[in-house]
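S.K.: If you read the protein sequences in the order shown, they are chains U and C. Here the working numbering is used: the first residue of the first sequence is 1, the next is one more, and so on. Here the working numbering is used: the first residue of the second sequence is 1, the next is one more, and so on.
Warning: the hint list may mix true and false statements.
Identical copies carry no separate label here, and so any pair may be met within one copy or between two of them.
Once the Cα atoms are required to be at most 35 Å apart in a straight line, the calculated DSBU-like pairs of lysine-lysine come out as [as the list claims (entries may be wrong)]:
(1) LYS493 with LYS52
(2) LYS232 with LYS390
(3) LYS463 with LYS493
(4) LYS462 with LYS390
(5) LYS11 with LYS52
Hints are computed from structural coordinates only; laboratory data are not their basis.
There are 2 protein chains.
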Amino acid sequence: MTAVPPRPALKVRRINLDTGRENVVVISRRSKALRPEVFRGFSRVELRANSKVLLATALLTDDGIVAADEIGLAEPAFHRFAEPTGSLVSVTPATPPESLDAVRGKIQGRVLSDAEIGAIIDDVARYRYSDMEIAAFLLGSASFMTSGELLALVRAMADAGTQLKWDRQIVVDKHCIGGIPGNRTSMIVVPIVAAHGLMIPKTSSRAITSPAGTADTMEVLARVDLGVEAMKEVVTACHGCLVWGGHVNLSPADDILISVERPLSIDTREQMVASIMSKKLAAGSTHLLIDLPVGPTAKLPNALEAMRLRKLFEFVGDHFGIAVEVVTTDGRQPIGNGIGPVLEAQDVMAVLGNDSAAPRDLREKSLRLAAHLLEYDPELRGGTGYARAKDLLNSGAALKQMQKIIEAQGPPNCNTDLGPLTADVPAPRDGVVEGIDCLRLNRLARTAGAPIDKGAGIKVFKKIGDPVAQGEPLYRIFAFDEPEFDLALAGSKADAGYAVGPPGAKP
Amino acid sequence: MTAVPPRPALKVRRINLDTGRENVVVISRRSKALRPEVFRGFSRVELRANSKVLLATALLTDDGIVAADEIGLAEPAFHRFAEPTGSLVSVTPATPPESLDAVRGKIQGRVLSDAEIGAIIDDVARYRYSDMEIAAFLLGSASFMTSGELLALVRAMADAGTQLKWDRQIVVDKHCIGGIPGNRTSMIVVPIVAAHGLMIPKTSSRAITSPAGTADTMEVLARVDLGVEAMKEVVTACHGCLVWGGHVNLSPADDILISVERPLSIDTREQMVASIMSKKLAAGSTHLLIDLPVGPTAKLPNALEAMRLRKLFEFVGDHFGIAVEVVTTDGRQPIGNGIGPVLEAQDVMAVLGNDSAAPRDLREKSLRLAAHLLEYDPELRGGTGYARAKDLLNSGAALKQMQKIIEAQGPPNCNTDLGPLTADVPAPRDGVVEGIDCLRLNRLARTAGAPIDKGAGIKVFKKIGDPVAQGEPLYRIFAFDEPEFDLALAGSKADAGYAVGPPGAKP
Numbered sequence: 001m002t003a004v005p006p007r008p009a010l011k012v013r014r015i016n017l018d019t020g021r022e023n024v025v026v027i028s029r030r031s032k033a034l035r036p037e038v039f040r041g042f043s044r045v046e047l048r049a050n051s052k053v054l055l056a057t058a059l060l061t062d063d064g065i066v067a068a069d070e071i072g073l074a075e076p077a078f079h080r081f082a083e084p085t086g087s088l089v090s091v092t093p094a095t096p097p098e099s100l101d102a103v104r105g106k107i108q109g110r111v112l113s114d115a116e117i118g119a120i121i122d123d124v125a126r127y128r129y130s131d132m133e134i135a136a137f138l139l140g141s142a143s144f145m146t147s148g149e150l151l152a153l154v155r156a157m158a159d160a161g162t163q164l165k166w167d168r169q170i171v172v173d174k175h176c177i178g179g180i181p182g183n184r185t186s187m188i189v190v191p192i193v194a195a196h197g198l199m200i201p202k203t204s205s206r207a208i209t210s211p212a213g214t215a216d217t218m219e220v221l222a223r224v225d226l227g228v229e230a231m232k233e234v235v236t237a238c239h240g241c242l243v244w245g246g247h248v249n250l251s252p253a254d255d256i257l258i259s260v261e262r263p264l265s266i267d268t269r270e271q272m273v274a275s276i277m278s279k280k281l282a283a284g285s286t287h288l289l290i291d292l293p294v295g296p297t298a299k300l301p302n303a304l305e306a307m308r309l310r311k312l313f314e315f316v317g318d319h320f321g322i323a324v325e326v327v328t329t330d331g332r333q334p335i336g337n338g339i340g341p342v343l344e345a346q347d348v349m350a351v352l353g354n355d356s357a358a359p360r361d362l363r364e365k366s367l368r369l370a371a372h373l374l375e376y377d378p379e380l381r382g383g384t385g386y387a388r389a390k391d392l393l394n395s396g397a398a399l400k401q402m403q404k405i406i407e408a409q410g411p412p413n414c415n416t417d418l419g420p421l422t423a424d425v426p427a428p429r430d431g432v433v434e435g436i437d438c439l440r441l442n443r444l445a446r447t448a449g450a451p452i453d454k455g456a457g458i459k460v461f462k463k464i465g466d467p468v469a470q471g472e473p474l475y476r477i478f479a480f481d482e483p484e485f486d487l488a489l490a491g492s493k494a495d496a497g498y499a500v501g502p503p504g505a506k507p
Numbered sequence: 001m002t003a004v005p006p007r008p009a010l011k012v013r014r015i016n017l018d019t020g021r022e023n024v025v026v027i028s029r030r031s032k033a034l035r036p037e038v039f040r041g042f043s044r045v046e047l048r049a050n051s052k053v054l055l056a057t058a059l060l061t062d063d064g065i066v067a068a069d070e071i072g073l074a075e076p077a078f079h080r081f082a083e084p085t086g087s088l089v090s091v092t093p094a095t096p097p098e099s100l101d102a103v104r105g106k107i108q109g110r111v112l113s114d115a116e117i118g119a120i121i122d123d124v125a126r127y128r129y130s131d132m133e134i135a136a137f138l139l140g141s142a143s144f145m146t147s148g149e150l151l152a153l154v155r156a157m158a159d160a161g162t163q164l165k166w167d168r169q170i171v172v173d174k175h176c177i178g179g180i181p182g183n184r185t186s187m188i189v190v191p192i193v194a195a196h197g198l199m200i201p202k203t204s205s206r207a208i209t210s211p212a213g214t215a216d217t218m219e220v221l222a223r224v225d226l227g228v229e230a231m232k233e234v235v236t237a238c239h240g241c242l243v244w245g246g247h248v249n250l251s252p253a254d255d256i257l258i259s260v261e262r263p264l265s266i267d268t269r270e271q272m273v274a275s276i277m278s279k280k281l282a283a284g285s286t287h288l289l290i291d292l293p294v295g296p297t298a299k300l301p302n303a304l305e306a307m308r309l310r311k312l313f314e315f316v317g318d319h320f321g322i323a324v325e326v327v328t329t330d331g332r333q334p335i336g337n338g339i340g341p342v343l344e345a346q347d348v349m350a351v352l353g354n355d356s357a358a359p360r361d362l363r364e365k366s367l368r369l370a371a372h373l374l375e376y377d378p379e380l381r382g383g384t385g386y387a388r389a390k391d392l393l394n395s396g397a398a399l400k401q402m403q404k405i406i407e408a409q410g411p412p413n414c415n416t417d418l419g420p421l422t423a424d425v426p427a428p429r430d431g432v433v434e435g436i437d438c439l440r441l442n443r444l445a446r447t448a449g450a451p452i453d454k455g456a457g458i459k460v461f462k463k464i465g466d467p468v469a470q471g472e473p474l475y476r477i478f479a480f481d482e483p484e485f486d487l488a489l490a491g492s493k494a495d496a497g498y499a500v501g502p503p504g505a506k507p
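Here chain U stands alone, though its shape is the one from the complex (with noise of 0.2 Å):
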C-alpha cells in the first residue's frame, strides 16, 4: 500500500446554531483543506482529532461564517466532539457507516444476526446515522422481525447506554404504554411502594407529542435532571425516585430512534416492546408491571392487540429474566382531571393527601397498581396489596414519603402558576357525556401550551356517564399567551372532544 499523506487539518470554530439531534458542521468553499468539490454528492464528512471520530453533514458556505482554514461546528456537533475552539482537526469525506450494509439486508427481507443489530445500534447511538437511514432501518424492521431478532434489539438497546445495578433481590418498576389523558399514577404509585419498602427507581419520560409526560409533571414537584450517582442516592435514602431518564442515559438509542418514528408514525408491536424493554433492562428491573389502557381512542382499541402486546412483553421478559405483569386498564378516557403539568401535579398532591375533592379513578388505579407491585413482596400474603396500599395511601405514609422524595431530588425550578387565561368549554346539549375522546384533549391540551408551559392545559369537569345541561362546563382551557389560548379555543369549538347522548342514555 502506498501511504497517503495527510491533508492539511482545519481549525474547529463554534457556530451558534441548534441542529437538534443531527451532528452538522460548515466548511467554506475556499477551503484549505480539501478540495469542497470532492463534497458533491459526499454531505456527510468524517471529523478526527485525538483518536475521537465524529460524522456529520456537511454545508458549504462562501462568506464569512467560517475562514477558509476553519470548520464550524453547529452546538450539538461541538459538544459531542468536544475539542476546544482553535484546535486542528482532519476532515475526510465520509464512507457511510458499515453496519448500513445489514440495514440494506433487512430491506431486502434479510434476518439480521445479533452482532449486527449490535453494531447498527451502536453506530445509532454514536449518531453515525443520518436521519434517512434511521428510516431505512426501522421501516426495514417494521415490516418484518423475527423474535430473535427482537431479543437481540432489546441487549443492544440496553448495552447502548448506562446499566443500573443495585444491590437488592427484587427492584420493580411499572411502565404505562401512554395515550391517556392525566393518568399520571406513577407519582402516586411510587410513593405508596416506597413508604412499604420495596425498591422502585422510576425513569420517565419527557412529553414528545403529548401535554405531559411523568417528568415534566414531577418538575413541577422537585428537579428530575439527576445524574445516576444523584439518583442512587436518592433511591438509597428513599427506596424510590421519579426522575427523567433522559439524564440517567438509559437506552440512548431508544430516543434517537423514537425521534425518527414519531412524525413517520412508525408503530410497531415491536418497536414499543423493544423501547421500553430495553429500559428497563437498562434500569436492573426484576419485577415489572406493565399498564396497557385500552379505549377506542386510546393506543390500543381491543382486548385482542392489547392481548398480542402482552405475550410480546412477556416473551421478552422471560427471555432477560424480567418478572413481567401486564394489566389492561380502561383507557376510554383522561384519568383524574388535569391535564398538563401543573394541573396534573395538584392531582396527584390531591390523592396523597387524601383530599376530600381528589380524583377519585386516580386513587382508585393508583391503588390497583401498587397492590400488584406490593404483592411482588415475598413478605406479604397473596391478595393483601390492595388493603396494604390503602393502608399507606390513607395513613398519610405515601404522602409522606413522597415528600421525602421531593426533598431528596431538590427543589423544582421552574414556574407553577396556573395560566391566568381562561375559558370553559360547554355542553353542546342536555343529556350525558357518552364519548371522550382521548386524542383531541390531549391535542388541545398541548395547543393551549402544555407541557412548555407547566401550567397550561385542560380541567376535566365531566367524564363518561355524567349527566350535563346544556352550557354546563364540560372542562376548562388553560393558557398563558393569547395566540396558544386563541387556537386551543378555536379547536375546542371545532371539534370539543365530547360526545353528549340524549339525557337517560346508557355510555
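Position chain C against the provided structure of chain U, taking the given hints into account.
M.R.: Positioned in the frame of chain U, the structure of chain C alone reads:
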C-alpha cells in the same frame, strides 16, 4: 370559529449556506414572532408571503446570525422562496404534508390511488418532504408496488416538471441503465441518427456515483446546460442534441428521489423504470431504445433479470404509447478505453473520426444501437439500419453532424487537459485477462478525481481475452492532485480489478 390573531411577521435575511437539496432556515431563540419553544418537536416550519408557501427545517440560534425579528434563509430556501431580503414572512410550525398519510398507508401495505401518488410526487417536487419522509415513501414502495401504482408514479413524475412537445411523428431516444465504464455510445449514436434526419433530442444525466455521465463527457466538447428554448433551437437546427437533463427540469421529483435512493442503495426494478420512463415521457419521445448491459459486475447479473426488467419497460411503454425496444448487451467489461470525461470524449471523437486507433467495441456497439433507431424510419427497409449507420459513420457525415451539434450548443467552459499525474498498473503475471471488475474500475477512476476533474480517470489497455506479460500495463491512472492520485494508486494495488488467468486460459 374564533378568528386567530396573526403572529407578527419576520424579515427575510439571506444566509450564505449551501444546504444542498434541503430548505433550511435560521430563527433566533429570542424571536419576537413566536415563542421559539413551540419548536421543540417542531423542527419543520412553514413560511408564507404573497401567497407563496415554503416548508423548511428550522435551526435556532442565540447569537447574531439572525436578529430577533429576522428569519435567515439558507441559499436553496432563499432561491426557492424568491422573496427579497427584508420582506416580511409569517412563520408557523409546519403541519406535515397531507400526502404523508398515503405514505403511511403504503408502509402498512395499502395500494395507493392515482390521486394519492400524484399528491406525494407533487409534494416531493415542491421540496415539502424531509429526507426521512422520502425514505419512508421509497421503502414503502420498494417492498410492494402494483403495476397500476407504477403507471401512476410514471405519470405523476412526468407531470411534475417540463414537458417537451415536438412537431414530428417520430421522436427517437436511447437510454442505457448504466454501470459499465466508458460506454459513451449516445455521443456516437446521436450524430449518426441526426445525420440521417431522424429527430433525437437527447438529454443525459451527470454522474452521481460513477466517474462520468454522458452530460459530463459531452461537457468536454460543448456547453450542456441549455434551457428548454435553447435546446429546442439546437434540435431544430441539427435534428438532435446532447444536453444535460437537469437544466431542462424533466421529472424533477426523480432527481430528488434518486438523492435518497443512492445513499440507501434502494434499487428496485419499479423505481428504475419509473425514473427512466418518466423522463422519456416528459421528453416527448415516441420511440425508445433501451440498452441493458448484462455481466457479473454490471447492474444486471444474468439474462433472467434482464428479461424481467425488459418486460416492465415494455409494459410502461405500451401504456403511454411509447414504442420501447430493449436490447441486452455485453456488460462484462468497459466499452471503449477511456473512463472519465476527457478520456471518454477522446474515444468518441476517435470513433466519429474513423481513427484507426479508435476502440472497436465502442464503434461496433454504437453502430448496432444506431441501426435499431434508424429502422424506426419507415422509409428505411428492415435490416438495412446497420448498413446505413455504417455509411453515415464511415463517410464522415456523423462527425460533421456532431461538429454541427457542438457548434449549436456552444463552446465548452472547462479544463479539458488530461491529468498530469499518471501511473501504469501492471499485470501481476504472464497470462490472459479473464475478467474485469466494472465496479472496481469505476471506483478507481472516481477516486482519481473523475468526474470533478474532467481529465482524471483511467485509460484501459487490455480487455477480456487479451494475452498479457507480467509487468505489462493493464491500464493507466490519470489525476491532477497528489491526494487523489495516491489514493487511486493505493486502491489499484489493493485490488486492480483485473483477473489474469494462466496463459492459454479461455475467458
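S.K.: Does each hint fit the structure? Answer for all of them.
M.R.: Here is what the structure says about each hint:
no. : hint               : verdict
1   : LYS493 with LYS52  : between (55 Å within a copy, 29 Å between copies)
2   : LYS232 with LYS390 : within (28 Å within a copy, 85 Å between copies)
3   : LYS463 with LYS493 : within (19 Å within a copy, 76 Å between copies)
4   : LYS462 with LYS390 : within (26 Å within a copy, 88 Å between copies)
5   : LYS11 with LYS52   : within (15 Å within a copy, 40 Å between copies)
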